[in-house]
Amino acid sequence: MDKRLERILPRVQKPARYTGGEYNQILKDKNAVELRLAFCFPDTYEIGMSNLGMSILYHTMNSLDFVWCERCFAPWGDMYAEMKKAGLPLYALESGDSLSEFDALAFSVGYEMAYTTVLDMLDMAGLPLRSADRPGLLPLVFAGGTAAVNAEPMAPFIDLFVVGEGEEMNNELLTLLREAKRGGWSKGEFLRRAAQIGGVYVPSLYEIAYERDGTIASITPAGGAPEKVTKRIVEDLDAAPFPTAPIVPSTEVVHDRVSLELFRGCVRGCRFCQAGYVYRPIRAKKPETLIRQGIETLKNTGYQDVTLLSLSTSDYRPLPGLCDGLLDYCEERSIGLSLPSLRADNFSIELMERLQKVRKSGLTFAVEGGSQRLRDAINKNVTEEDLLNTCRIAFAGGWNSVKLYYMLGLPTETDEDIVGIAKMADQVLYTWRQYAKNKNRGVKITISTSCFVPKPHSPFQWEAQVTTEEYLRRVNLLRSSITARNVTYNWHDAETSLIEAVLSRGDRRVADAIERVWRDGGRLDAWTDYFSFERWMQAFEACGIDPVFYANRERPSDERLPWDMIDVGVRREHLVREREQCYRSALSPDCRHQCAACGAARLLKGRRCDE
Amino acid sequence: MSDKWRLRFQKTGRAVYISHLDLMQTMQRAFSRAGYRLKYSEGFNPHPQISIALPLSVGTASFCELMDFRLTEQADPAELPARLNAALPEGIEALEVYEPQRKFAELKWLRIEGVFEYDDRDPVRMAAALRDFFASESLVITRRTKRGAGETDVRAAIREIAFAAEGEGVCLRTVISAQEPTLNPELLAEAARQLRPELAPDFAKFTRLETCDREMGLYR
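Respectively, the protein sequence lines represent chains A and B.
The opening position of the first sequence corresponds to residue 1 in our numbering, with each subsequent residue numbered one higher.
The opening position of the second sequence corresponds to residue 612 in our numbering, with each subsequent residue numbered one higher.
None of these hints come from the bench; they were simulated from the model.
Heads up, a few of these hints could be off.
[Claimed, not checked] Result set (DSS-like, lysine-lysine): computed pairs, CA atoms no more than 25 Å apart in a straight line:
hint: 1; chain 1: A; residue 1: 403; chain 2: A; residue 2: 437
hint: 2; chain 1: A; residue 1: 423; chain 2: A; residue 2: 444
hint: 3; chain 1: B; residue 1: 615; chain 2: A; residue 2: 299
hint: 4; chain 1: A; residue 1: 84; chain 2: A; residue 2: 187
hint: 5; chain 1: B; residue 1: 757; chain 2: A; residue 2: 14
hint: 6; chain 1: B; residue 1: 714; chain 2: B; residue 2: 615
hint: 7; chain 1: A; residue 1: 444; chain 2: A; residue 2: 403
hint: 8; chain 1: A; residue 1: 84; chain 2: A; residue 2: 14
hint: 9; chain 1: A; residue 1: 299; chain 2: B; residue 2: 650
The whole structure should be built from the sequences, with the hints applied where relevant.
Next up, the structure:
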């Protein structure tokens with residue numbers, strides 16, 4: 001271990017997150033591989049090690065014998081300060097080697113607020129921030145994750161983006177990089193060749209021209225790069241690699257358990273939900289596969305909990321059989337099974353009764369909108385009746401805590417909808433009074449609201465975000481509408497949401513502001529400990545970026561959007577249609593009831609959507 | 612046959628940064644990976660019945676950790692270490708498993724080795740000065756504990772101590788009280804820091820070598 005590091009570690013909080021050495025980590029002989037890859041997660045160890053995507057890709061990339069993929073996370077503030085003081089560069093956990101020795105840095109970027117941390121990690125690795133300032137082929141800096149569906153705000157910093165699911169694409173890219181390293185290609189030559197791999201977006205090969213009003217005039221590819229980069233997917237999830245021997249952290253992380261992914265995509269089509277559109281088409285795993293992988297992973301990790309992941313667990317058709325199969329193994333070993341993302345229906349509550357035999361903690365419902373009209377407008381197919389029915393069964397079964405999640409600022413929202421949120425909480429309270437098994441324990445109803453952030457590739461991608469003032473007015477309206485004592489109200493601050501709105505639908509020009517924020521000390525912006533609204537606003541001002549232009553302006557549906565070169569499968573016409581449905585407060589049937597021909601199915605070659 | 616076992620293990624290398632609480636969790640998972648089922652306590656919040664004799668500070672290595680545990684099924688103690696080692700993370704190594712004969716309360720002394728690193732002071736002179744310093748009758752330092760500020764006589768918890776210059780630093784070998792009172796070896800460096808700052812090392816690290824009973828016999 002580096003002497004400087006040895007002296008620092010006893011002084012920082014939770015040093016085990018900076019040492020590596022965990023069970024199931026992958027060690028290779030660095031002299032026996034051709035490419036050394038640092039897989040960088042622009043957030044803390046505890047967050048990154050909870051990320052299933054990172055775990056999957058760590059293993060798929062290490063399955064190449066010429067690659068050694070190691071992990072790297074962002075140090076917390078105390079460690080960051082100590083490393084700076086000691087002049088210690090960022091290092092990878094497995095080998096402890098400095099990132100400057102690596103051939104490639106791969107960033108997994110899931111959310112916009114991680115952007116400044118990406119820059120910080122590049123800097124801590126001793127690399128220039130901008131792609132143009134790194135003329136050599138190596139180290140290559142690439143990035144993927146949900147943020148890649150609008151890569152533009154980070155375009156100047158990243159050599160190339162991998163759009164979509166990385167299981168196959170990353171390995172094709174690394175194989176090409178090996179060829180380039182062997183052949184001594186220039187960076188430009190490599191990037192031109194890489195742009196031919198499906199799903200690879202090389203921003204430097206696209207020229208963006210702007211209109212006088214600041215909107216985009218044209219996007220012009222060069223060097224043979226495709227006009228549209230189509231998202232990559234894995235067609236058959238049963239056959240796709242899944243790590244059944246993932247790394248087991250030696251210190252507590254956020255999700256410290258076995259995660260099983262039921263399916264990708266979502267049949268619901270909630271209009272505000274980016275994930276519901278960009279992860280299409282729907283591909284489910286077979287319950288046999290999940291049970292086998294679940295048991296194998298439990299054996300290989302020693303975890304005491306399993307959780308089932310998906311965008312909407314209740315929509316997994318073989319859910320009862322899967323739960324039975326897993327419970328057969330889990331129950332006698334006291335292994336817990338948890339199912340997040342259940343819908344508010346009777347079946348779900350029966351299932352939860354079965355799973356939560358000992359402690360009945362809280363129930364959480366994402367209701368999103370305060371009236372049936374608004375829920376129809378956003379295509380959130382939950383009725384008040386469903387919700388109250390579920391609450392009735394839950395209260396009768398001994399539950400006594402309910403959390404209700406809403407968004408304020410959704411398109412078409414009126415004050416009446418907002419007051420409806422408080423009324424609904426009253427209804428839940430009334431239901432508790434009628435049906436609670438044990439009233440002595442009391443009830444806790446919590447309402448949480450966040451400010452709606454319009455996202456690329458969703459039907460609301462053209463929508464204006466409400467201003468922070470308007471959000472606060474709506475918060476205050478809701479606050480004054482809540483009268484019951486047992487109802488608590490938490491609201492997220494609007495400031496982070498505004499920055500998110502600028503970044504998520506930003507173009508390349510926003511990059512200057514991101515860099516400026518980092519230069520002013522911004523990193524780990526996803527943490528309220530470090531986020532500074534003033535720093536962002538000052539950076540926008542200094543770089544001539546008007547946040548209103550990006551966040552609060554309604555975009556005409558014929559405007560060129562910064563992410564127009566990215567094709568996630570769903571057609572623009574479908575998004576336009578869904579948006580019109582919103583303005584008619586009309587529901588669209590879910591995919592199983594009636595396929596809307598959204599376009600995502602054409603990404604499949606050998607099978608059908610939701611087969 | 613008993614269901615109660617004692618594991619002797621070492622914790623070195625990168626594993627020294629695993630905290631006591633995290634170690635309990637890590638051990639629990641290692642047993643599970645090795646195919647053993649730990650016995651759980653009864654009650655509202657069942658937890659596995661494992662207990663570690665002397666919690667180890669983060670950063671300190673050890674060749675002599677002791678942990679008691681119970682299994683739900685019969686097991687062959689000769690087989691346990693190898694199976695556990697295949698399931699333990701880097702740096703934690705099971706040495707032997709046996710039926711405990713003595714209570715943890717009989718454990719009294721710890722043989723410890725340490726290094727005081729000096730960046731720009733002569734280790735030979737430092738070793739001599741440390742020898743003199745620790746020859747005092749008492750070395751009382753103030754400590755902030757959960758109960759507020761308190762005084763501890765570090766010297767009273769030291770049975771023997773020796774210093775020798777070695778390379779860039781000073782190597783110390785000592786026997787300190789493990790229980791009643793418990794002396795954290797880091798207080799050896801702290802004593803210098805508080806009472807003779809010119810002797811305070813730039814960095815200190817320690818390794819537990821052996822556990823002993825009241826009469827300095829090997830404690831197992």
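Cross-check of the supplied hints:
1. A:403 x A:437: With Cα atoms ~19 Å apart, residue 403 of chain A and residue 437 of chain A stay inside 25 Å; holds.
2. A:423 x A:444: holds (16 Å)
3. B:615 x A:299: Roughly 24 Å between the alpha carbons, so the hint for residue 615 of chain B and residue 299 of chain A holds.
4. A:84 x A:187: violated (30 Å)
5. B:757 x A:14: Holds - the C-alpha atoms of residue 14 of chain A and residue 757 of chain B are around 20 Å apart, at most 25 Å.
6. B:714 x B:615: The given pair, whose Cα atoms are some 12 Å apart, holds under the 25 Å limit.
7. A:444 x A:403: holds (8 Å)
8. A:84 x A:14: This hinted pair holds, its Cα atoms lying about 18 Å apart.
9. A:299 x B:650: At roughly 18 Å apart (the allowed maximum being 25 Å), residue 650 of chain B and residue 299 of chain A satisfy the hint.
Hint compliance for this structure: hint 4 alone is broken.
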